[in-house]
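Colleague: Here's the letter readout for the chains.
2 protein chains.
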Amino acid sequence: MASLQDISVSAAINIISAIAFLVAFAILRLQPVNDRVYFPKWYLKGIRGSPTRSGGFVSTFVNLDFRTYIRFLNWMPAALRMPEPELINHAGLDSTAFIRIYLLGLKIFVPITFLAFVVLVPVNWTGETLETIKDVTFSNIDKLSISNVPSGSQRFWAHLVMAYVFTFWTFYILYREYKLMTNMRLQFLASEDRSPDQYTVLVRNVPPDSDESVSEHVEHFFCVNHPDYYLTHQVVYNANKLAKLVDKKKSLQNWYIYYQNKYERNPSKKPTMKTGFWGLWGTRVDAIDYYAAEIEKLTDEEQAERERVISDPKAIIPAAFVSFKSRWGAAVCAQTQQTSNPTIWLTEWAPEPRDVYWDNLAIPYVKLTIRRLLMAVSLFFLTFFFMIPIAFVQSLANIEGIEKVLPFLKPLIERKGVKSLIQGFLPGIALKIFLILLPTILMTMSKIEGFTSLSSLERRSAGKYHLFVLVNVFLGSIIAGTAFQQLKSFLHQAPTEIPITIGVSIPMKATFFITYIMVDGWAGIAAEILRLVPLVVFHLKNTFLVKTEKDREQAMDPGCLGFATSEPRIQLYFLLGFVYSVVTPVLLPFIIVFFAFAYMVFRHQVINVYNQKYESAAAFWPDVHRRLIIGMVISQLLLMGLMSTKDATNSTPLLIVLPVLTIWFHIFCKGRFESAFVKLPLQNAMVRDTLERATEPNLNLKAYLQDAYVHPVFRGGELEKPAVIDEEENNPLVPTKRTSRRSSKYGSDCSSEAGI
Amino acid sequence: MASLQDISVSAAINIISAIAFLVAFAILRLQPVNDRVYFPKWYLKGIRGSPTRSGGFVSTFVNLDFRTYIRFLNWMPAALRMPEPELINHAGLDSTAFIRIYLLGLKIFVPITFLAFVVLVPVNWTGETLETIKDVTFSNIDKLSISNVPSGSQRFWAHLVMAYVFTFWTFYILYREYKLMTNMRLQFLASEDRSPDQYTVLVRNVPPDSDESVSEHVEHFFCVNHPDYYLTHQVVYNANKLAKLVDKKKSLQNWYIYYQNKYERNPSKKPTMKTGFWGLWGTRVDAIDYYAAEIEKLTDEEQAERERVISDPKAIIPAAFVSFKSRWGAAVCAQTQQTSNPTIWLTEWAPEPRDVYWDNLAIPYVKLTIRRLLMAVSLFFLTFFFMIPIAFVQSLANIEGIEKVLPFLKPLIERKGVKSLIQGFLPGIALKIFLILLPTILMTMSKIEGFTSLSSLERRSAGKYHLFVLVNVFLGSIIAGTAFQQLKSFLHQAPTEIPITIGVSIPMKATFFITYIMVDGWAGIAAEILRLVPLVVFHLKNTFLVKTEKDREQAMDPGCLGFATSEPRIQLYFLLGFVYSVVTPVLLPFIIVFFAFAYMVFRHQVINVYNQKYESAAAFWPDVHRRLIIGMVISQLLLMGLMSTKDATNSTPLLIVLPVLTIWFHIFCKGRFESAFVKLPLQNAMVRDTLERATEPNLNLKAYLQDAYVHPVFRGGELEKPAVIDEEENNPLVPTKRTSRRSSKYGSDCSSEAGI
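In order, the protein sequences belong to chains A and B. Note that the numbering used here gives residue 402 to position 402 of the first sequence, counting from 1, and the numbers run on in steps of one. Just remember that the numbering used here sits 1000 ahead of the position in the second sequence, which is counted from 1.
Because the hints were derived from the structure by calculation, they are not lab data. Careful: at least some of the hints might be erroneous.
[Said to hold, decoys possible] Selected chain B positions facing chain A (in silico; Cβ < 8 Å): (1) Val1332; (2) Thr1496; (3) Ile1667.
[As the list claims (entries may be wrong)] If you anchor each label on the Cβ, the simulated ranges turn out as follows: (4) B:Leu1654 / A:Thr652: 37 to 47 Å; (5) A:Phe117 / B:Ser1210: 44 to 54 Å; (6) A:Glu348 / B:Gly1152: 51 to 61 Å; (7) B:Ser1191 / A:Lys367: 32 to 42 Å; (8) B:Gly1152 / A:Ala11: 57 to 67 Å; (9) A:Lys367 / B:Gly1152: 38 to 48 Å; (10) A:Val377 / B:Pro1207: 45 to 55 Å; (11) B:Ser1153 / A:Lys367: 39 to 49 Å; (12) B:Gln1303 / A:His220: 54 to 64 Å; (13) A:Val224 / B:Cys1223: 23 to 33 Å; (14) B:Ala1376 / A:Arg626: 13 to 23 Å; (15) A:Thr652 / B:Asp1647: 34 to 44 Å; (16) A:Val377 / B:Thr1695: 47 to 57 Å.
None of these values were measured; they are calculated from a predicted model. Beta carbons are placed, not taken as given, at the ideal position from N, Cα and C, and that holds for glycine.
Chain A extracted, bound-state conformation (with noise of 0.2 Å):
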């Protein structure tokens, strides 16, 4: 067990690390050459047209004030200051939700540290029992865990007692949030304004039939089983090729950019390339005109494919967008079954526009039902034999490996420096690229689920690698071994042995925790807020692509909140905080320095930084909360475990009433609040629809859902939800004057942070 002592060290470098990096953001976002990379957001809602420092040459680059420097936290009281109603029309719900859960720790977490520091600390303090066993070696930090209390003492019951309060105090924290959460929900939608996702509803499996095409079909079903609300439809076309021809086009372009820029700042010498594979080999050719006779090739490819998708009638999927009159007649269809055959016409909730994953629209059942089928297993086996191709890999790439394969390597890989710098580090770095392709894997398992929206697919993802952090991290680091080895022993084990063997391991893997949570979540969250790679990215593609204002634009990268990754994370501090606050209080002040610190980072940024792809007005919420419930069955089931090594086994029948209560308390909720999160009351459609009537009753409604959901490709990218103008201008966080209002024609790219 580490000291007191060595966690101050760790604590000492991890706090310094943590200073280090928000001395450089302190620094560095106040330069205006940073400007976009720091305050993307308020570009890309067109408040902030240019960086605003005025002054000379060097200071639209440099920032002089040296005033400024002085305040370098000042980014804190200021990321706090903006009220929520505003961030949520500022940021979207999403977000706000996402940094509420950092809220909702400190919520639960505080008062519990609290009562755990008056009772359960002087408990263990005073119960002297490591100080009589010799043989133990022990810290100070043990003297206040659990461990610190002999074999069927009576102070257990004060840990008792504890696990119960703190039971309940989580449920009712839980219980407002939840219901907070819900009303925040409900009021979003009804103030949203008019949106076409609103009176449009997703059919899929449209069935074939041989007299009809795709479109007259669903007319005539529509027509026929919804007659009083039908009004238009969209039909969709399958245009993933013409899709990759553009993306492929917009790569070649920025090529062409680059050499372009090239030559004009150096008009002396036309730069020139090779054709074949990474510029490595080929034909020496000029790169202007080889780029400029690329794109005129893809342009008429493109124009090709793009005809060819609109005329032929088997371009056109075995899916809809039925928009209706009403939102009431959009609810109805929606949260209703069609016809008997449940697994045709299939009707949903319409995604927004933004949000739609266009290659998953024509999945037919029997494929989706196997697909779903082999990803579970996929998932099983990723999740506990990923370790064996990694160490098959590792087993490879050795020195002698290397050599094999590449033996022109050889004389350099013998290099003393070199083939220590090898062997330390091969054997790490397979595993290190695993873990940061992990979200990328776990994504495209989901999107080989067939899930129709991002939202749902970020969802799914967050779900797959929260059991991957629950089983490799967690259930990792207190039993040491692989995942299988851990399965293979569970598997022959009794399962009341389970929770014990864990349960024992708990107390002793608190300091390493304390170390995991300075490290991941202290001097991480001060890293995201830094932005390295962005910033570097930035500036490359300044230097290099960047002619106008706008390319400018689009060198942005504000990235977004990565739910599928960040939420999974955050459990795990919630789960961290359940499970050791029994057992080792001591832990607690660590997790709430986190989930404070991380609040302020990601409402900094979520307010300066984070473009969000879509809005799904927090339908996430009711897997955090599920989340939340499956960590505190676990903490429940590990402490009946720990008592029951303890010689407290009379406390077992109190302690399986948690997890009961707690399992009740989710279904509780389910029934509750989750619809909310589900479907559209059809008496919030009706309120709607009766005030449209009423305020605009000459709304030409078909002509403005006629080309909402038309395929990215077809419209050249023009998605954006158009900005809003709130009262942002005055916001005293970024004193900015409103030069342009446009919207950014690029989505971002989410950045998702793998590497555990």
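Got chain A; can you put chain B on it based on the hints?
Modeller: Just chain B now, kept in the frame of chain A:
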């Protein structure tokens, strides 16, 4: 292990008793005096008015036509002769679907048996393991089982392949049957006559409103939110107290009639009675006068209560039956969520009027979830710990205990014959009483859970009973010991050990289960057709209570298919079939005989006897399917356990595929078919609406629906659907002439048979 001879003896006894029952049935059913016991359905349908045998006085009681006795099994072909569509018309889809479960058993197990006897029996027989072990006594049956194959033999490949073949065959049959049942249900619903439940939605948890009554509130809400479709509604009165008074009055009236009949038969002596408890003490009074006075008093009381209920606004519970102008409108309302709070204004399809369970219409959400939690915990304790109170009662109910409590019985008990009788009998009787009461206990638990229709109550009870049978009969027979001991041992065993523990015992228990099938299946079913209890009760009532033809009709107890108890017991046979199909195929013919025999018996009963209380259009089929899948998964896990003890551990990876596939198959079927049993598709509703509008444009739906959902006490029990006149008198099975056409005014009591 029982030898072949033991089984032969047991088979002989059971076959003889079954034949005895059948002969008794054949003789009794031909006596005109028993006509109402064995053919009540025809009376209830109004097709048969009185026993049709003509002749002298004697022949109205006894059948003297000896020719009819010769063909004592001729009811069997007669039962099979009625074609299925006619059967659905005659007995409803519920009954037809129920007897199809037996047919399903035949479809699954006849080919499996054939294959198993062709492939597995020779493989096992020539295994020659048991003969080489000297110390073990074995029978010929064991030589046919998997025990006869040597450990680690390549012969297990045959079993492995057969497990796959059987699984896929079962998939095929189950899929076909689910599809067929779905079509039958949809067709049945489509061809059903107009009925109030097609237009009506049950609304529960109407929120309180300070300004409006429940009725006004409901009307306003639906006028606003379903303006185009809302037609009318009926509030629900809390008439539970009134219903009790009515019941009590009916019982008093029975006694009144009994004494009046007694007086009429013997006018010389006025009957008297004692007023105290059970007529055991109290003052002696004139019975006829006493009951007349009591009935009058109760009539007044009932009248007062009736007026109170109708006038008191507090007697209206916050639930209502809301009717719509079209089936489409009702389908929309039933499938959608009304308000943002999913715990109020809950809408669901109204059960048909006969099917409503009135007591449960007014339970608020929080109470409901707490009730379900309590019932789930109770079910757990009931299943695993029911032996504890019974053991306690058994320990009390010994000779000494009785002598202590009731010392005056001492001389009687001390007699030798009585003493041994009590000692041999008492310990068993507590268990037997519990098992008889069990279905009632489970039904009460389901009622507490708050379901609103009798059909859903029966389905819930069946689920509970299934768990009980699974744990206490199946596992309890394989592993000796109480469920509690099993639970304890399972908790302390590794999950991989459990299938092994059970799997090993499986082959050894084959003979036990063969005997069980013969006793419970063969003889039990034969006893079912004899209807001994209803026979006795009818003749008692006929002697003492019946004055008019109408009374005689009321004295009939047709009974009904007790889904809650019968279905889980069929599932036990399916489970045995699945488990033993690979292990000991010789058990399969016994199961086939059971299914064939039961199919014929129940088809006969459904045609001639049972009178279902409600019609749910086979809404239970998803439950049947799910439990069959559970049986399959259990059998696959046990096979895996058994195989791994036979040194065929490398079969495990191949066998683990089977449960995964089976669960996937379940999910697939659920998605494909289940919604047909839960929702009414809009298309089907629209078709019927359009048809109706064309054929009956002047239908006054409001008048039709006005009083459809009135609590039965307000209309004197006229709840039965009007009987359908069909071509039943031409049916060759029971030649009758139509004399009267009336419907029974009294629902029949289901004789729920307990005893496992």
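Colleague: Okay, which hints does this one fail, numbers in order?
Modeller: Of the numbered hints, all hold.
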